[in-house]
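Visitor: Put chain S on the given structure of chain R with help from the hints.
Line by line, the protein sequences are chains R and S. Here the first sequence is numbered in the working numbering, starting from 317 and rising by one per residue. Here the second sequence is numbered in the working numbering, starting from 2 and rising by one per residue.
Simulated from the structure, these hints should not be mistaken for lab results. Possibly wrong hints are sitting among the right ones.
[Stated by the list, open to error] Calculated lysine-lysine pairs in the DSBU-like style (CA-CA distance at most 30 Å, straight line): (1) R:Lys384 with R:Lys395; (2) R:Lys427 with R:Lys454; (3) R:Lys446 with S:Lys47; (4) S:Lys47 with R:Lys411; (5) S:Lys8 with R:Lys411; (6) R:Lys420 with S:Lys47; (7) R:Lys411 with S:Lys106; (8) S:Lys65 with R:Lys411; (9) R:Lys395 with S:Lys186; (10) R:Lys454 with R:Lys420; (11) S:Lys47 with R:Lys384; (12) S:Lys186 with R:Lys411; (13) R:Lys395 with R:Lys420; (14) R:Lys395 with R:Lys454; (15) R:Lys492 with R:Lys411; (16) S:Lys65 with R:Lys384; (17) S:Lys47 with S:Lys106; (18) S:Lys8 with S:Lys22.
[Unchecked claim] Calculated from the model, a selection of chain R residues having no Cβ within reach of chain S, i.e. all distances over 12 Å: (19) Glu318; (20) Gly348; (21) Glu523; (22) Gly532.
From a predicted model like this one, the values you see are computed outputs, not experimental measurements. Beta carbons: idealized from backbone N, C-alpha and C, even for Gly.
Residues per chain, in single letters:
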Amino acid sequence: MEGRALVITSGKGGVGKTTTVANLGIGLAMLGRQVVMVDADIGLRNLDIVMGLENRIVYDIVNVTEGKCKIRQALIRDKRFDNLFLLPAAQSRDKDAVTPDQMKALLTELKKEFDYILIDCPAGIEGGFKNAIAGADKAIIVTTPEVSAVRDADRIVGLLEASDLPDPRLIVNRVKIDMVRRGDMLDIRDILDILSIELLGIVPEDENIIVSTNRGEPVILDDGSRASQAFRNITRRLEGEEVPFMSLEPGNGFIAFIKRLMGLAR
Amino acid sequence: MLIVIPKRREFEDIKRRLDEKLGGTGRFFDGGRVIIDLGDRWASEKMISELIDIVERRGLTVLKVVGPFGVRLVGGADTDLPSQSQSCEPVASPAIAAGNTLLVKRTLRSGQGINHPGNVVVLGDVNPGAEVIAGGDIIVMGTLRGVAHAGVTGNEGAIVVALRLLPTQLRVANVIARAPDERSKSPNTPEVARIRDGMIVIESYLTPGGKVGF
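Isolated chain S (complex conformation):
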């Protein structure tokens, strides 16, 4: 069962309604397994654990919580999220093939981060100190100044595209590239970063003819 948390409602109100809804069904959902979808609503650790509490008190099991931070597997889940500290077999994750794309409709500021197993599209900027980690591609419809890690589970075909590509650091699969120490000029046009010959290269997203470059 998927529980979608509405975006523009007071958190206390959400808690009350969720509890009412689940309570009103008697033992109909007992033993059910639940995914909580926060959409792009931000929730603190405390809020998330409160939601899980409400659901589990009604005899259901929470499998995972999906939110702007990506996907969080809750207790009893068999695997950890792919993390940059583990190097996994380079396989395209099924999520990518299925087009599991997270749309982030805001600017990511310093200290904020996205971790998503599929592709990530940011409709805003990624500021320095912010981090986007994706199993698939990363597309920033704005300026990418922070850190982006595409293909985190080892997908070397992943790309990073931004309208202005000025990252502090770029990672694709297990390859890392960092910004030059001297301030360098960047063209005011969209660029794409990808692995070529084991190195991350940045190319214009548009060919001279104005056609899309890949």
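Isolated chain R (complex conformation):
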């Protein structure tokens, strides 16, 4: 069976696209899938750093599309999982270095060998975004519970529809539990109301993310953290499993939490 190419996008920068790609990549690899992560953020490459693989880069995606090397030579095998690979972006080039047609051709090749291709999309809606979504089968939109991020996500939903990538799924990242409890946070239900797309996951704000990003060890590897559990659940949902949205408040029951999150609690 051919692999699936999923592009992780957001419009707004800094909401956690790269972190999401790294964690979902490892999560799917943990489930035994053949996974490749493609960093399409050319000129601002980050995924290699988050994965702790920067020191292994010799060739990059532009070298591949320009025919300077074979795909195999540019793929970096993860140091933890044998079935997880990274195709790094070029740092010294700009977004137009890869065209949508080259991206499509690349994905066609990768789909033959991998179950999942996760594409880390650059922020923005210009050329880089259009190149990154070319050839993808499905899109995952990452947003944070902020009006500006949701507005940008909405713009992206529209652009994806226009590019024949309908029905994206949504990850709400960096949800602050105590602020939800106080009712100070943008309601998840309101976000879904505006975007009206399927919810794929809710990831709580977690200080461990910063530590893990700086160390090059994605948080999903850390059993105890809440963000890790959230990402593991998302990977299972990608695999088609029905996983209830986790309780973000220990001992309080997830139904109550979800109700509060959704604004249903009276």
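Guide: Chain S only, in chain R's frame:
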């Protein structure tokens, strides 16, 4: 003929003056062959092609453009620049013997790179995400945190020296070494990397007696 582009002048001004100068000589330079030297001035692809345009409109041929990015051969040139994807015969390039050394007087930041057939001396740091590629030796009078590739055309005798040597990745000729995954302590002293027994080894640049180590 060598055309040296002054460093601190507006690009539009340079274009105008270059055109005037070449135009003022009638057909004296017609058919001449030109090397454009940008010094360590950065120029975009567009700027470079505009310069080439001006020169070639006056009936001259541009052979190459020399700049902080190294040497670029322009159309009609017979060879490509040595690139890391090609493995060439291990010969010391004549440029190295002739002491063709590029002096880079600034810090190379992420995404910036130097590609030079001779030796490269950086009077500044080489940050992570930056890359120095040289046919000969690489000397960094600062901290090397990015990628350095010395002896790119196959010169296994090439070395990399830095006041602080903390590279993401080091390459000498066809040998690659990468930084350890765990953060390691590095001495706060100059170090030199070179090939020994087919592997890249890093040694102190200074011997215990304080003498230069090679």
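Visitor: Against each hint, give a clear statement of whether it holds in the structure.
Guide: These are the hints, each one checked on the structure:
Proposed proximity of R:Lys384 and R:Lys395 is supported: the alpha carbons are some 25 Å apart, at most 30 Å. This hinted pair checks out: R:Lys427 and R:Lys454 have alpha carbons roughly 13 Å apart, not beyond 30 Å. A distance of roughly 23 Å separates the Cα atoms of R:Lys446 and S:Lys47; the hinted pair therefore holds under the 30 Å criterion. Annotation: proposed proximity of S:Lys47 to R:Lys411 holds, straight-line Cα distance about 16 Å (limit 30 Å).
As the CA atoms of S:Lys8 and R:Lys411 are separated by approximately 28 Å, the hinted pair is consistent with the 30 Å bound. Between R:Lys420 and S:Lys47, the direct Cα distance comes to roughly 28 Å. Compliance with the 30 Å bound is thereby established for this hinted pair. Between R:Lys411 and S:Lys106 the alpha-carbon distance is near 28 Å, which keeps this suggested pair within the 30 Å criterion. A hinted pair counts as satisfied when its Cα atoms are at most 30 Å apart, and S:Lys65 with R:Lys411 qualifies at roughly 27 Å.
Proposed proximity of R:Lys395 and S:Lys186 is supported: the alpha carbons are some 21 Å apart, at most 30 Å. Annotation: proposed proximity of R:Lys454 to R:Lys420 holds, straight-line Cα distance about 14 Å (limit 30 Å). A distance of roughly 23 Å separates the Cα atoms of S:Lys47 and R:Lys384; the hinted pair therefore holds under the 30 Å criterion. A hinted pair counts as satisfied when its Cα atoms are at most 30 Å apart, and S:Lys186 with R:Lys411 does not qualify at roughly 36 Å.
At most 30 Å may separate the alpha-carbon atoms for a hinted pair to count; R:Lys395 and R:Lys420 meet this at roughly 28 Å. For the suggested pair R:Lys395 and R:Lys454, the alpha carbons sit about 27 Å apart, so the restraint of at most 30 Å is met. Taking the CA atoms of R:Lys492 and R:Lys411, the gap is about 33 Å. The hint is violated against a cut of 30 Å. For the hint linking S:Lys65 to R:Lys384, the alpha-carbon distance of about 22 Å falls within 30 Å, and the restraint holds.
Restraint check: the Cα-Cα separation between S:Lys47 and S:Lys106 comes to about 24 Å, which is no more than 30 Å; the hinted pair holds. For the hint linking S:Lys8 to S:Lys22, the alpha-carbon distance of about 18 Å falls within 30 Å, and the restraint holds. Listed as outside the interface, R:Glu318 is consistent with that label: its C-beta sits roughly 30 Å from the nearest C-beta of chain S, beyond the 12 Å cut-off. A cut-off of 12 Å between C-beta atoms confirms that R:Gly348 is not in contact with chain S; the least separation is 24 Å.
With a minimum CB-CB distance of about 20 Å to chain S, R:Glu523 clears the 12 Å threshold, and the non-interface call stands. Not every CB of chain S lies more than 12 Å from the CB of R:Gly532, the least distance being 8 Å, so the non-interface label is violated.
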